[in-house]
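Position chain B relative to chain A; hints supplied.
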Amino acid sequence: MVEPQTVKNILWLIPCLPLAGAVINGLLRRRLPARLIHIVGCASVFLAFLVSVSGFITLVRIEEPHNRLLIQSLYQWLLTVWDQGRFSLDVAFRLDPLSAALCLVVTGVGFLIHLYSVGYMAGDESQGRYFAYLNLFTFSMLLLVLADNLLLMFVGWEGVGLCSYLLIGFWFSDLEKAQAGMKAFIVNRVGDFGFFVGLMLLFWTLFEGSSGGITGLGFDQLTEAIPLLGSASPILGVGVATWIALLFFVGATGKSAQIPLYIWLPDAMAGPTPVSAFIHAATMVTAGVYMIVRLNFLYAIAPVAMTVVAVVGAVTAFYAATIALTQNDIKRVLAYSTISQLGYMFLAVGVAAFSTGIFHLVTHAFFKALLFLGAGSVIHAVHSNDMQEMGGLKKYMPYTYLTFMTAYLAISGIPPLSGFMSKDEILWATFNSHLSIPGLGKVLWALGLLGAGFTAFYMTRLVALTFMGNFQGGPEKEKHLHESPLVMTIPLMILAVLSAVGGAIGLPAVTHLPNLLHDFLSPVIGGHGSSGHEIHAYGLEVLLMVISTGVALTGIGLGYYFYLKRPELPGQIKARFAGMHRLLFNKYYVDEIYQALFLRPVLKLVSLSGRFDLQGIDGAVNLSSRITAKFSFLVGWEDLTIVDGAVNGLADIFKRWGAWIRQVQTGRIQHYLYSVVLGIFGLCVFMLLF
Amino acid sequence: MVPEHILSWMIFCPLIGAGLILFVPKRYPTLMKVIALLATVPPLWWAANLYVSFDRWDNGFQYVEKVPWIEAFNIHYFLGIDGISIPMILLTALLTFICVIASWNINEHVRGYFILFLLLDTSMVGVFSALDFFLFYVFWELMLLPMYFLIGVWGGPKKEYAAIKFFLFTLVGSVFMLVVMLVFYFGSVEPATGLHSFDLTILADQSVHQSFLRNHTIRWLCYLGLFIGFAIKIPLVPFHTWLPDAHVEAPTAISVILAGVLLKMGTYGLLRISYPLLPDMAVAFALYAALFGLVSIIYGALCAMAQQDMKKLIAYSSISHMGFVMLGMSVFSNTTAINGAVLQMFNHGTVTAMLFLLVGVIYDRAHHRDIDGFGGLAKTMPIYAGYTGLAFFAALGLPGLSSFISEALVLVGSFQQYKIITITATTGIILTAGYFLWTMQRVFLGPLNKKYAELPEISLREAFTLTPLALIVILLGFYPMPVLDLIGTTLKHTVAMVVG
Chain A
1 MVEPQTVKNI LWLIPCLPLA GAVINGLLRR RLPARLIHIV GCASVFLAFL VSVSGFITLV
61 RIEEPHNRLL IQSLYQWLLT VWDQGRFSLD VAFRLDPLSA ALCLVVTGVG FLIHLYSVGY
121 MAGDESQGRY FAYLNLFTFS MLLLVLADNL LLMFVGWEGV GLCSYLLIGF WFSDLEKAQA
181 GMKAFIVNRV GDFGFFVGLM LLFWTLFEGS SGGITGLGFD QLTEAIPLLG SASPILGVGV
241 ATWIALLFFV GATGKSAQIP LYIWLPDAMA GPTPVSAFIH AATMVTAGVY MIVRLNFLYA
301 IAPVAMTVVA VVGAVTAFYA ATIALTQNDI KRVLAYSTIS QLGYMFLAVG VAAFSTGIFH
361 LVTHAFFKAL LFLGAGSVIH AVHSNDMQEM GGLKKYMPYT YLTFMTAYLA ISGIPPLSGF
421 MSKDEILWAT FNSHLSIPGL GKVLWALGLL GAGFTAFYMT RLVALTFMGN FQGGPEKEKH
481 LHESPLVMTI PLMILAVLSA VGGAIGLPAV THLPNLLHDF LSPVIGGHGS SGHEIHAYGL
541 EVLLMVISTG VALTGIGLGY YFYLKRPELP GQIKARFAGM HRLLFNKYYV DEIYQALFLR
601 PVLKLVSLSG RFDLQGIDGA VNLSSRITAK FSFLVGWEDL TIVDGAVNGL ADIFKRWGAW
661 IRQVQTGRIQ HYLYSVVLGI FGLCVFMLLF
Chain B
691 MVPEHILSWM IFCPLIGAGL ILFVPKRYPT LMKVIALLAT VPPLWWAANL YVSFDRWDNG
751 FQYVEKVPWI EAFNIHYFLG IDGISIPMIL LTALLTFICV IASWNINEHV RGYFILFLLL
811 DTSMVGVFSA LDFFLFYVFW ELMLLPMYFL IGVWGGPKKE YAAIKFFLFT LVGSVFMLVV
871 MLVFYFGSVE PATGLHSFDL TILADQSVHQ SFLRNHTIRW LCYLGLFIGF AIKIPLVPFH
931 TWLPDAHVEA PTAISVILAG VLLKMGTYGL LRISYPLLPD MAVAFALYAA LFGLVSIIYG
991 ALCAMAQQDM KKLIAYSSIS HMGFVMLGMS VFSNTTAING AVLQMFNHGT VTAMLFLLVG
1051 VIYDRAHHRD IDGFGGLAKT MPIYAGYTGL AFFAALGLPG LSSFISEALV LVGSFQQYKI
1111 ITITATTGII LTAGYFLWTM QRVFLGPLNK KYAELPEISL REAFTLTPLA LIVILLGFYP
1171 MPVLDLIGTT LKHTVAMVVG
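Chains A and B are the protein sequences, given in the same order.
When the letters of the first sequence are read in order and numbered with this note's numbering, they come out as residues 1 to 690.
When the letters of the second sequence are read in order and numbered with this note's numbering, they come out as residues 691 to 1190.
Hints in this document: simulated from the structure, not taken from any laboratory.
In this text, a Cβ means the ideal position worked out from N, Cα and C, and glycines have one as well.
Hints should not be assumed to be uniformly reliable.
Said to hold, decoys possible - Stretch-level coverage of chain A by chain B, calculated; a stretch enters the list once three of its residues show a Cβ under 8 Å from a Cβ in chain B: (1) 52-58; (2) 65-79; (3) 174-182; (4) 198-207; (5) 305-318; (6) 518-524.
Isolated chain A (complex conformation) (with noise of 0.2 Å):
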């Protein structure tokens, strides 16, 4: 048994372990064995998830949900103070059920991940560098998980981004790469820009409320005083709270991919596949989600926003899935869908089941990164990414494949699996919801649930074209195809357990079990949140699960009969509907919409300040300058002709001094330094006698 004090003072070894894993593994990439660097790698994430685990006990420990908070500060981050107020904040860790709940998350499928990449990434010359910047990316996760004031969270918030850039160009010599993880970078920064934006508004919003009683960002002293912003003048007609929940919202759909700012997931799957599996399924991107549900005391009295996190949420999904239909890249596939299951949490957190938005999260987790782990050991088998090359996998790669389809049939949204459980606990919150325009709920609920009919569908394709029917890469191929080595099947097999049961965790009402992680959630979230779980009507949950169950069915059903049963369907509906088709496949042509919107304009605005600067402001400074010469020019010729006859006699003079100081003036920079020098020596002496 360990004591809640002794695990307040090791909160710090979370974040910390890893990032001693990044610096060991950065400084000595070149030195250590292969060896050594994977057992750093994955030992110092390891660890990270003991201490994760002992955190999480003490918590449930604890007799009195309400006092489950674990706060470590660590030091005097920054500090500014004035006359009539200060500002201040700690570097803080603070561990609670919802912290910790993320903890368990990031370490524990981190931890599988890096394992797997042991075996993903063998032979690669880069290792090193590989494991030092996953390793990196978890202290980031961490930090940000863990931050206990707003600006140490955006510290984690961009760090992030970073190890994210890094790892989807990890391959940097392929300028594509590159490029990917620089768009990632910069829509990210877009939507950080809304971020920092609604954190200043925030703080002096509630600063000006209190007038001076605010002195940081800290969440205890935010969720005290933010019933200020209530009071608070609105701007533009709209309140002060709306304004900052939608400003923060704005970074969540660059950190988490939704409209409008998804358009880097996709490309970021240039990254190495266990990197797609943490970064860009399980952890990273569902940074948005978290942060909603960490600031659910702001959420809780700007209405509006929710309802438009709502409604983004759900579009999302729903749109995401439609361009999931029709890839081929089986990474681009399992993107979108990655988008459209983080639309479905932000619909959950949209219509205020906040809990249940961080359920979804957590069997996302297992489910998705299952989704790309497999089709990474798909793709180690293959080495192509486009599934028209595959095909009859499942007699090569049998671990791969019944894993696989474990964590398929949980995402399709097959009960009793994991992805049932949270799906269907969203689509029920969604169906109860009361957002500020009536009926909303229904209708998203509606979109909600096309979307788990499209999903299953696309996962069925997915499945068809991978692991059903025959090979389609060509002999030669075939005869090298294999299954993985066991450091990469067993992490599939242990998310496979989790993608199944996982769903345990948050057992519906009408089970009459308690809905353990809701209940564990609770202290966090107050009474702002709901899961449905206080609705007892029985018999319409009981009717919209074979509802949504039907819906799934219907979409395997439909993606059997197309891609197994009738395979030359799908051409002859391509050919029907080409246009259609054309517009799905290019994802609805958003990023050359983007490109002539807002990037070309801006490399015009470059390009016009580049030239002003060079032509308008510096060529005005060489007229004036030139038209100074001509000026003194004519000066000099007025004097020549006119002044110069009447001082003859003083040039005579003059003319004569300058042959003799003209001796001085040798040309060479040594004099001339030695008369500066001299002169300075000079002035000194001058100083000291007067």
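Only chain B this time, still in chain A's reference frame:
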């Protein structure tokens, strides 16, 4: 631990070194370099001592030295430092030491180079510790001369143009300053003695101003004159066009000093002279100053993105980053912004020094700085790419590195007073990320340019100049209190004085 007259020692120690170099026979260039290096070591040691012994709670001047100098005009040799000057003194001591090492490959006119360099060192420390307006002006002008020759003799192909441009621009600024100085001298009377005064601590006392100096128009003109003088140095758009040229032509170490230390003299001058002498005008002009800051941030970033020459790009990025200092210094409703501004002065000094040193490294190898002329260098020079990555991310304000703290403090602080300006300035962080990452990509990523497949990795000497800066950049990102501690008390006092 702290010797008496420590500030005088710090000022004149380099000059002693310069005097010694004068007598070294021409055939021992290395000896000259060693002497130059040794002349920068004691100031570094004293700077460390100052850092330790500086009283963080004292809002007045410390280590004061005051002796009459030219009694006929009541001019004093008056030195002293407070929280505003000490980070600049530390920065100067550190960067001059590093720059001597970075200048080790100078092989023509070695004697002249190092003498001028040490002279520059003297004038910089002098500017940051002078408390007499006249003495300040002397050091300010003294700096011009070595800088002119250092660019004009050891510079690149267009060195004459750049040197003269630098000289003329700065001279115009100095003329404004000179006039204002004289106005203040004749416009004020020291009550104790009945004499005119150049003493900045006395001139800050508004009651010594005579009726002439209380005239609103005169005060406006004085403030404007000083502001233009300092704005040229910072430089703020549109007074900036000397900077890209000077940087492109100057040798590496001189670029480092120019961006790392000299630019800060502009903002330092505002804090040391304009604000205390004309506090009412500082408040009245604040909005315009903030706008100047904003324009510099955005316009500098846009121009930076348009550049092909790496040094020009960094020069424009300096303009953009110094815009943050100006913005932060225009806020008087809290001290968060101004703390951020002074911290940014220090942080920009270390980060931009790294950037110029890094460009120097590649220029020494490839003999050009064309961003599009490289490609894939991370393959051949991974350590160099690592240092550059760190410096780039520091410059684009990545949280966890030093510049983020200062820019965040500036933005957070400014937001209280200027909502729209601050929000617009915040978009600068997107542009900055854009041009640095784009440069990163064109130089280091993508397929390797075969021409540079054999470039040697960064040398031990080069790594030695970069490492201390890199460590500071990382340390101050996670723990900026060492600098915030130094400056907080003085800045609280400054803001109270300006508003009060």
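So, going through the hints one by one against the coordinates:
Given a C-beta distance limit of less than 8 Å, the hint that chain B covers the segment 52-58 of chain A is violated, as 0 residues qualify and 3 are needed. Counting residues of the segment 65-79 of chain A whose CB falls under 8 Å from any CB of chain B gives 5; the rule of at least 3 is met. Judged by the Cβ-Cβ criterion of 8 Å, the segment 174-182 of chain A is covered by chain B as claimed, because 5 of its residues qualify and three suffice. With 6 residues having a Cβ less than 8 Å from any Cβ of chain B, the segment 198-207 of chain A passes the three-residue criterion, so the hint holds.
Counting residues of the segment 305-318 of chain A whose CB falls under 8 Å from any CB of chain B gives 0; the rule of at least 3 is not met. Figure legend: the segment 518-524 of chain A, annotated as covered by chain B; annotation inconsistent (0 residues with Cβ-Cβ distances under 8 Å, at least 3 required).
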